[in-house]
Amino acid sequence: MKVVGLMSGTSGDGVDAVLVDIRGTGHELKVKSISFVACPYPANLQQRILAASARGTVSEICHLNVVLGEWFARAALRVIKQAGLEPAKIDLVGSHGQTIHHLPNEVDEPGIGPVRSTLQIAEPAVIAERTGIPTVANFRPRDMAAGGQGAPLTPYVHSVLLRDRKRSRLVVNLGGIGNVTYLPAGKGLEAVLAFDTGPGNMAMDGVVRRLTKGRETMDRNGRLAAKGKVAVGLLAKLLAHPYVKRAPPKSTGREEFGDAFVEQLLAARKVHRLKPEDLLATCSLFTAITLGSARRWLGGPVDEVIVGGGGVRNRALMSNLSSVFSPVPVRTFESAGWESKAFEAVAFAVLAYQTFHGTCANVPAVTGATHPVVLGTIVPGRGRK
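To convert, note that position 374 of the sequence shown is 367 in my numbering; the numbers rise steadily by one, no gaps.
Because the hints were derived from the structure by calculation, they are not lab data. Misleading hints may appear alongside valid ones.
[What the hints assert, rightly or not] Derived SDA-like pairs (lysine to any residue); straight-line CA-CA distance at most 20 Å:
hint	residue 1	residue 2
1	K263	G351
2	K180	M(-6)
3	K334	R48
4	K243	P322
5	K220	R266
6	K206	M(-6)
7	K23	M(-6)
8	K268	K334
9	K230	D252
[What the hints assert, rightly or not] Pair ranges (Cβ atoms, derived):
hint	residue 1	residue 2	range
10	G226	E248	40 to 48 Å
11	G330	P294	31 to 39 Å
12	R308	D157	35 to 43 Å
13	T205	M(-6)	17 to 25 Å
14	L232	S52	36 to 44 Å
15	G226	A358	51 to 59 Å
C-beta: ideal position from N, C-alpha, C; glycine also.
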């Protein structure tokens, strides 16, 4: 099957679209990448998404749901066109959507009991209508309905595509949130361990956005952080954050490490009298240490660290990761035959494929779900049976 995968992470900076060819069943899949495009959001749309995540009104979120559906549909059509194909030749679209809010911890609801919730927008009905292609979306709620946290979901795909018979690998994703997947050598899904470790790029991006009043959205290539000096006292306070100490299964998002967390960082900058580059250097090392400290829960050796996500372009962060994990080699997804920037979109193409075939694709030991489930909902394509 030819499947389009669509992904926009917690940074809210655009849609990544990939076209892949998938063959096989269950855990034994062959996946070949055909085409990839990155479709950045306009600056004002990114600002609206981030604002909606923090304090959005019902009407704004309702409106953005359709607006982003149009953006995701355009990204799908663009990657198909780049591959020299027509939409009619594509079998399926898998869309993660845009996370607006993620509440993985149980809240006791009177008369109902414990409830977990999450909201990803980018209306799949719009994607299916504009492309004519059956679209799978809303992957996370089914895992939550089964008692899980709805995240992380990519460890299933890490196991399918990145497991190795001889080497135990730790897969690191440097998105808005940092997360790890442990793949013990020669083992299958039953041995996978994965969880979110804390902020990836989110805190650093937020600091840059605030300090430049929106003129810049990130520390490009980690240039500022590389010039800075780590504030040891502030770093110690950050490492004492309750989430960092919490044992897995666990997941997090903008609710814990978004605007409010950035405000705390900026307040600390004044107290410690830090230059912008010093604050960024401290945040960069904080992210690296939280990823490295994940090893305390793995229960086995790490022979190789494979890193993907937008953060691989941040040289200061990658340097910190190499130091934290030394002497274990730290490599990018490219060393395993995948594009770092495309892999998350590939993951949701694979998850959509499994949903289409009725295959369970959560990892209960990772999310905390009581049992395996088929993820997502399917919106039929236009004019297709």
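For each hint, the structure was consulted:
Of the supplied pair hints, the one linking K263 and G351 is violated, its CA atoms being roughly 54 Å apart against a limit of 20 Å. About 27 Å separates the Cα atoms of K180 and M(-6), which puts this hinted pair outside 20 Å; it is violated. Straight-line distance between C-alpha atoms of K334 and R48 comes to about 29 Å, which puts the hinted pair past the 20 Å bound. Between K243 and P322, the direct Cα distance comes to roughly 26 Å. Violation of the 20 Å bound is thereby established for this hinted pair.
Between K220 and R266 the CA atoms are separated by roughly 16 Å; this keeps the pair inside 20 Å, and the hint holds. Between K206 and M(-6), the direct Cα distance comes to roughly 45 Å. Violation of the 20 Å bound is thereby established for this hinted pair. Pair hint K23 plus M(-6) holds up; C-alpha atoms about 11 Å apart against a cutoff of 20 Å. Only pairs whose Cα atoms come within 20 Å are accepted, and K268 paired with K334 is rejected, the gap being roughly 30 Å.
Only pairs whose Cα atoms come within 20 Å are accepted, and K230 paired with D252 is accepted, the gap being roughly 18 Å. Between G226 and E248 the beta carbon distance is about 26 Å. The supplied range of 40 to 48 Å is therefore violated. Our hint of 31 to 39 Å for G330 and P294 is violated, since their Cβ atoms are close to 23 Å apart. For R308 and D157, the hinted distance range of 35 to 43 Å is not satisfied, since their beta carbons lie about 27 Å from each other.
Take T205 and M(-6): their Cβ atoms lie about 44 Å apart, and the range 17 to 25 Å is violated. Evaluation of the 36 to 44 Å hint for L232 and S52 yields a pass: the beta carbon distance comes to about 40 Å. Judged by the Cβ atoms, the range 51 to 59 Å given for G226 and A358 is violated: they are separated by roughly 37 Å.
When the structure is compared with the earlier hints, violations turn up for hints 1, 2, 3, 4, 6, 8, 10, 11, 12, 13 and 15 and for no others.
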